[in-house]
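A.B. asks: Protein sequences, first through last, are from chains C and R.
Per the numbering used here, the very first residue in the first sequence carries number -13; after that it's consecutive.
Per the numbering used here, the very first residue in the second sequence carries number 31; after that it's consecutive.
Derived by calculation from the structure, the hints in this document are not laboratory data.
Computed from a prediction, not measured in an experiment: that's the story for all the values here.
Quick reminder that beta carbons are idealized off the backbone N, C-alpha and C, glycines included.
Some hints could be false.
Unchecked claim - Sample of chain C residues facing chain R (criterion: CB under 10 Å; computed from the structure):
id, residue
1, Tyr94
2, Asp115
3, Thr135
4, Phe137
5, Ala248
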Amino acid sequence: MSRIDEKFSFLGGRGETALIPFVTAGDPDLGATLRILGALQRSGADLIELGVPFSDPMADGPTIQRASERALRSGTTLPQILEMVRQFRRDSDIPLILFGYYNPFFRYGLKRFAREVEAAGIDGILCVDLPPEESGELKRWTDAHGLDTIFLLAPTSDAQRIRLVTEQGQGFVYYVSVTGVTGARKRFEDHLRAQVDRVRRVTRLPVGVGFGVSTPEQAAWIASFADAVVVGSALVQVIEKAPGWRKKAEGAGAFVARLKRAMKRVSKKAGGERLE
Amino acid sequence: MRNSRNSSALPRVPDKLGHFGVYGGRYVSETLMPALIELEKAYVEARRDPSFRREFHRHLREYAGRQTPLYFAESLTARLRGARIYLKREDLCHTGAHKINNTIGQALLALKMGKRRVIAETGAGQHGVATATVAAKFGMECEIFMGKEDVERQSLNVFRMKLLGAKVRVVESGSQTLKDAMNEALRDWVTYVRHTYYLIGSVAGPHPYPMIVRDFQSVIGQEARRQILAREGRLPDYLIACVGGGSNSMGLFYPFLGDRKVKMVGVEAGGLGLKSGRHAASILAGKVGVLHGSKSYLLQDRLGQIRHTHSIAAGLDYPGVGPELSYLRDQGRIRFASATDREAVEALKRLAEVEGIISALESAHALAEAMRLAPRLAKNRLIIVNLSGRGDKDMNVVAEYLKASDEWQIVNSE
């Protein structure tokens, strides 16, 4: 059982929904990220998604584009990110997911990538531009190193693709709440709940919802029917606005604590039957 | 569109998932996967449908002005004292470049799929103009994404797009050129995918685009093959085309792939020289990677970040290249060369002076290679150069380049 599986099974037993904050590694530098990760964990994050900056983040909206630019400007590289993760791992066992675009992983050499990522203490990989069809060469190595490969589903996915993704996916299924790029949204379509239920009916994997979740109210609503809530751009904005490492870490922690509190107030009434 | 490869040792590509050997594929976010699968289905149906093919060729004939001449460049040949040089005159197509072949085909496909809004990326503006043109003709809403730097150096084409009723979205992220325009077009597509058709202009992007664009552009090579056989009674010895993303080169080369004796040369943008690092020669100087939905040669750093590129020709100023070209390069079927900014401008000037034809800066890269190669070949050898576009759009850039160099004095004093 991976650290991710264990976390979901622990939370599931308590009827709790996981909160997964996303931050871009190296935004604005890795010293800040190390402190922010600590604050996220102390404030109630259940898992953490760590974004690897890429020069051409075509699935991201302006907020995370800017975060990537800041990270690259401060010279952030994959080996440095892994070094920072090693440091963080000394006093933390929170599940960590490396989130990014395929090219920097591919260019690193997938065998070496999987080995070093595992050694650093990462638990799962999520490649936003790598559908299951193209994931064979990555999974060959990540499977060998016990890393979960997490895939996405979207509002446009039909039954056939839901089957493919839930069969190939590990850890959890990342459900993209809206068609579009990452970024805070004011509201969601009401049928999001029905869409998530549709996925949950065909898989044992937990289903997390992300893209656009930005307020405690939204997080609480999604927590009432999903297994995890991912919050990215709204958190990155908090980090962007606060000056200095300490304020950034404090702001990020306070924001995540508010989200978690709101999520805990709702009890999960998942619609539809789970596949057991 | 018919596959006219009669005999070939190369396997049929792409395979079902869009792979050309190890290249190509579909590296996109899940949201776009269903749209790509839907597009592939619609295209495979259209390709088999005789009425779709008839309509496509009717528009090529009546609207785009095909077929285009295969012109024997007699004066240029005489001066170079070598191989006979023919120019495939895609510059005479409606809108001034080969890009219209593909936009007509894909517009018909979009209509068939019931999509009323088209978006496109553009570098030099030729694909943007060709897309805006078909959108006007077929009554579709149209938005063109163009990098800020390109908007400045190709202002004439920006004006044309607006006149044709398209909205031009200026992209200010990254290097503000074609790569960033494509990022932004992909972001728009992923948001409005349900009613928007993304009309990609090169043999790049995720499957099925490299195949679709190649097939629609292969009308260039089909005509050239017929024309050279009628004129010379035999196949050419060399085909030469410039390569940015690669649509004009694949269009010319594809119908000749099975003709083993026909040599093919792709000419990449050498910019300020390959050693300077300021160029756009993805195949000559790149490494395999994944960008914009497919695996291919890419200009990138050691850690997989995409490098900024440079070329005087906006249409070649792109860090990637179509996956099929990478595949054919590895097979040894296509040789790749490069021409610098300076060599391209010199070739453009020379063709204008001796043949009275002003080529696009992109196509001038292919001319530069032809001018290097022809004198080294016997006089009975045949070269076909794809003159993929005309140079009107480049006059400001060329004038400034010449003003900054000594050659301005020569032009002025004559």
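A.B. asks: All the hints need checking, so say for each whether the structure fits it.
C.D. replies: The hints, checked one at a time:
no.	hint	result
1	Tyr94	7 Å, holds
2	Asp115	5 Å, holds
3	Thr135	13 Å, violated
4	Phe137	7 Å, holds
5	Ala248	27 Å, violated
Violated hints for the displayed structure, listed by number in ascending order: 3, 5.
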